[in-house]
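Asker: Here is what each chain is made of, one letter per residue.
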Amino acid sequence: MKLVTAVIKPFKLEEVREALTSAGVQGLMVSEVKGYGRQSGHTEIYRGAEYVVNFVPKIKLEIAAPDGDVDKIVETIAAAARTGKIGDGKIFVSELLQALRVRTGEQGEEAL
Amino acid sequence: MRDIATMKRYFTSAAAAGALIALAGPALAQEGPVDVPAHSVFVFNSVLFLMAGFLVMFMACGFAMLEAGLVRQKNVTMQLTKNMGLFSIAAIGYYAIGYNLMYPLGDWAIEGYFSALFPAVAVMEAVGVSADAADDISYATTASDYFFQLMFCAATASIVSGVLAERIKLWPFLVFTLILTAFIYPLQASWKWGGGFLDEMGFLDFAGSTVVHSVGGWAALAGALVLGARLGKYKDGRVNPMPGSNLPLATLGTFILWLGWFGFNGGSQLAMGSIGDVADVSRIFANTNAAAAGGALAALILTQVVYKKVDLTMVLNGALAGLVSITAEPLTPTLGVATLIGAVGGAIVVFTVPMLDKMKIDDVVGAIPVHLFAGIWGTIAVVFTNPDANIVTQIISIVIVGVFVFVVSYIVWMILKIAMGGIRVSEEDEINGLDTSELGMEAYPEFGKGSQI
Numbered sequence: 001m002k003l004v005t006a007v008i009k010p011f012k013l014e015e016v017r018e019a020l021t022s023a024g025v026q027g028l029m030v031s032e033v034k035g036y037g038r039q040s041g042h043t044e045i046y047r048g049a050e051y052v053v054n055f056v057p058k059i060k061l062e063i064a065a066p067d068g069d070v071d072k073i074v075e076t077i078a079a080a081a082r083t084g085k086i087g088d089g090k091i092f093v094s095e096l097l098q099a100l101r102v103r104t105g106e107q108g109e110e111a112l
Numbered sequence: 001m002r003d004i005a006t007m008k009r010y011f012t013s014a015a016a017a018g019a020l021i022a023l024a025g026p027a028l029a030q031e032g033p034v035d036v037p038a039h040s041v042f043v044f045n046s047v048l049f050l051m052a053g054f055l056v057m058f059m060a061c062g063f064a065m066l067e068a069g070l071v072r073q074k075n076v077t078m079q080l081t082k083n084m085g086l087f088s089i090a091a092i093g094y095y096a097i098g099y100n101l102m103y104p105l106g107d108w109a110i111e112g113y114f115s116a117l118f119p120a121v122a123v124m125e126a127v128g129v130s131a132d133a134a135d136d137i138s139y140a141t142t143a144s145d146y147f148f149q150l151m152f153c154a155a156t157a158s159i160v161s162g163v164l165a166e167r168i169k170l171w172p173f174l175v176f177t178l179i180l181t182a183f184i185y186p187l188q189a190s191w192k193w194g195g196g197f198l199d200e201m202g203f204l205d206f207a208g209s210t211v212v213h214s215v216g217g218w219a220a221l222a223g224a225l226v227l228g229a230r231l232g233k234y235k236d237g238r239v240n241p242m243p244g245s246n247l248p249l250a251t252l253g254t255f256i257l258w259l260g261w262f263g264f265n266g267g268s269q270l271a272m273g274s275i276g277d278v279a280d281v282s283r284i285f286a287n288t289n290a291a292a293a294g295g296a297l298a299a300l301i302l303t304q305v306v307y308k309k310v311d312l313t314m315v316l317n318g319a320l321a322g323l324v325s326i327t328a329e330p331l332t333p334t335l336g337v338a339t340l341i342g343a344v345g346g347a348i349v350v351f352t353v354p355m356l357d358k359m360k361i362d363d364v365v366g367a368i369p370v371h372l373f374a375g376i377w378g379t380i381a382v383v384f385t386n387p388d389a390n391i392v393t394q395i396i397s398i399v400i401v402g403v404f405v406f407v408v409s410y411i412v413w414m415i416l417k418i419a420m421g422g423i424r425v426s427e428e429d430e431i432n433g434l435d436t437s438e439l440g441m442e443a444y445p446e447f448g449k450g451s452q453i
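So the sequence lines, in the order shown, correspond to chains E and Y. Going letter by letter, the first sequence gives residues 1 to 112 in my numbering. Going letter by letter, the second sequence gives residues 1 to 453 in my numbering.
Treat the hints with care, as some may be off.
Pairwise CB distance ranges, derived in the manner of DEER restraints [stated by the list, open to error]:
| id | chain 1 | residue 1 | chain 2 | residue 2 | range |
| --- | --- | --- | --- | --- | --- |
| 1 | E | E62 | Y | P248 | 31 to 37 Å |
| 2 | E | L13 | Y | A286 | 48 to 54 Å |
| 3 | Y | T334 | E | L13 | 51 to 57 Å |
| 4 | E | A23 | Y | F351 | 52 to 58 Å |
Derived by calculation from the structure, the hints in this document are not laboratory data. Note that the structure is predicted; figures quoted are calculated from it, not measured. Idealized CB from N, CA, C, for every residue including glycine.
Just chain Y, same shape as in the assembly (with noise of 0.2 Å):
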């Protein structure tokens, strides 16, 4: 260990820059990423969307085992079927519309709201491009961008899945993934990542606390309204918990989501071609990683306090709350400021899981307190690190966005409601759980059911 130290303060040493240039040639003789050859440039861009885009890939398999884990054992195909389906369904509706309706590259229709390139398929570049011919030699290979891109839009979905469980039908969920990954996500994140009237405001929301996690809340929100509780879970004026099936996958889920959060915001920094890019993509990948262990923190202890008993399943909901909150400027803090911003995460989620409960909003793996409480939190913190945010652009925003994305999911929802017959299984069908009725599959077919007493 003190070798590589010592060799870290060797190549940061100033003075040690002669003896660098000796070895390494000329290449390196300058400093600062005006120096870095353009090919490099691209190639490392191109390598961070890569990596960091199949991390993010990962997350879908997180939420897909944290769910599946938080659903009782009569549902869990059902929960792992839509994890599924939600995941392609994204990759068809960001690439048919949502890609170009997210990036005008400056094409507007309606100037800093609507894309001009709508609606237009995404396209690669072609097969062995050269560097002419490369759509952005200064940027990224556009299939990495695209790909990395995408990731985020399926995260957004997936996000809804888990608040609407064991009650809502397979088909009306699958529609509205389809028009959320292929036009609500896209069309809002384009106001800010696309260059649109939010970032010219000068919102700032890096990896997006409020552009995916607060959007994905925000649509689950308006479907638990409009799809109603679980049967016999708020009843009599109390709450009856519903246990969840597997902890264990639950927590591997969340040690999932908490791997993939790597590649969620350290892939946003969009560049690693640079001596400070990839300064700055470690100093992410360190914070996200703190605030993690500071909203699972905050968890473990509160539930102590608070109810005398640790609930793992809220120090699970506290790191990925943690997550969230560090999400919209993850490059700024230090270590101990992530790590607190985290925790204020952790803190929301024990305060507001019960909350929602006494509002009989049925949330079944509290993805409304982690991805939108935390996340209009985290949307808020940026202003404690970094000198350019505004609070006032920062709220503003998150309620245009919030505004927006619940109203039209709010309408997509009853259109669905009306359209397909009810978006609801039959009562019988819900309490004999939707891997029977829904499917005919079990998950567990060979385990015993347990206590039903």
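Only chain E is shown next, with the shape it has when bound in the complex (with noise of 0.2 Å):
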């Protein structure tokens, strides 16, 4: 099993989410997080004084899955949420342990 994160572009979020669920995803979690890469921060005027902004929004996705997914996960995610331009997001794949269905206690790739 692997565990799929996904940083994005929030108003992306919606294209990915079809995207994933056309290629068959049945779950995913969400969440807003701030951060900063290559894109580093802005400036802003408020009231005539500039200021920096360190972390620019984003968007966190969590994908577990199947190993045999995965590629197609990072494929689909990354085509959806690409718009060319920087801080587009990042996409990091990693070893999963294990998962467990809270309802049934099903334990591994049965828990997905």
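Fit chain to chain and form the complex, with the hints in mind.
Answerer: Structure follows, in structure tokens:
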């Protein structure tokens, strides 16, 4: 099992969700996060005073998937989230040691 | 629309006078204010004061909403509390000594400078007063005059609260308000509107660009200097913006002030008992609106040009600066000139808000640019449209009022600082917000705190 963690632009969330649903993904977790990468922050002006916004708002997706589905999921997210401009986000894949469905007690890939 | 226009022409044309007399009877046979029955003048003037007075009263709501919107969420309840408190304290201070200090009616202890009626409470006419027993049958009821003038006094105090928001303790602020409304404001107002030495000099300030707005601005500036900036506002040579909590409230407050200003300036005609007077009140309403629009548009365009994005908070300040600018002379300008006078006020705001920040004077809502700087501009702008105004007299009066109010306010703030164990909340209380630390009550207890990153 793998955990796919994707950080994307907030306005791309709906497109990514639709693409993932079409690709057969049945569940995902979403959270609003802030951070910065190469895009770094940007400046804003309030009442004539310029200030730096260090952390840019992003959406974090987390999907637990069987090993065989991971490539497809990563490609689907990347295709749907891409604008070609700086700040499109990143996708991380990590090992997932265990999963458990709370209601039934199923474990491993059966719990996904 | 055409019918109304036709009727207007009909009634204003001299040729129609005969027909009008036939319709309305001999009372309207002659023209001009001298022929209006005294009772009508008395009644209509009083109605003007009452109507304008409750419009100006509503400005207290405007100030409260504007300030509640421009402070951070953790200080909203305190800002509303200060606004309720100051408006109510003004009613006490102005009643106790303010009204008679401001209007000596020719009875001076020091000629032109200090009322001989001091100290005495304001007294109304008797219940159901008759024409013979009225204080001044040629003017208006005393209570309507008192009510109207009290609202101006309260407006002056409202200006101060916004500047000092988010860091001043409640009680020292309220004590200052009492001194401002009972003594500082009425005394300097007596020099102009009470027939004192500034009036004798020929100083012109129709509804109070200087007498009200600059006075509030000077008192607030003195307070801001004694109080210091909010924690973290100016750090390492940078200005750190502290965005307001609720721009819909700030916008509502601005529109309420805009509405109230028709009473502020229109009522300052002080008469509505003749054709000439009601025409003047009408001119004033229209000019006041034009100036507010000019100020808002100037700020809208300038923030787009200078900062590449329109800043709503500056547009709100711009509208108010336009209103303050026209307040010294809302009668004589044409609609076009009134718009321009207001537009200059709006421009003043856009350029002086960052200037104050450079000087590390922390004005939370922009009241010093709006009321003090635009107030000075408006007082000078009288000379452009009113031939009776003299530029030197205007400037001397601005300086005299400014020095008096600033110095006295500064001394009062310093005394309060010593006598009340400081006028500023502790560092911890300021960071936690005055709502929880001083009041234990949040404005939006069920809302999220929003992003703290």
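Asker: If I claimed the Cβ atoms of A23 of chain E and F351 of chain Y lie 52 to 58 Å apart, would that claim hold in this structure?
Answerer: For A23 of chain E and F351 of chain Y the Cβ distance comes to about 56 Å; the hint holds.
Asker: Okay, E62 of chain E versus P248 of chain Y on CB: inside 31 to 37 Å?
Answerer: holds, 35 Å
Asker: State, for the Cβ atoms of T334 of chain Y and L13 of chain E, whether the hinted interval 51 to 57 Å holds or is violated.
Answerer: Holds, since T334 of chain Y and L13 of chain E (Cβ atoms, about 55 Å apart) stay within the stated range.
Asker: Could you check the hint for me, namely that L13 of chain E and A286 of chain Y are 48 to 54 Å apart, CB to CB?
Answerer: holds, 51 Å
Checked against the numbered hints given earlier, this structure breaks none of them.
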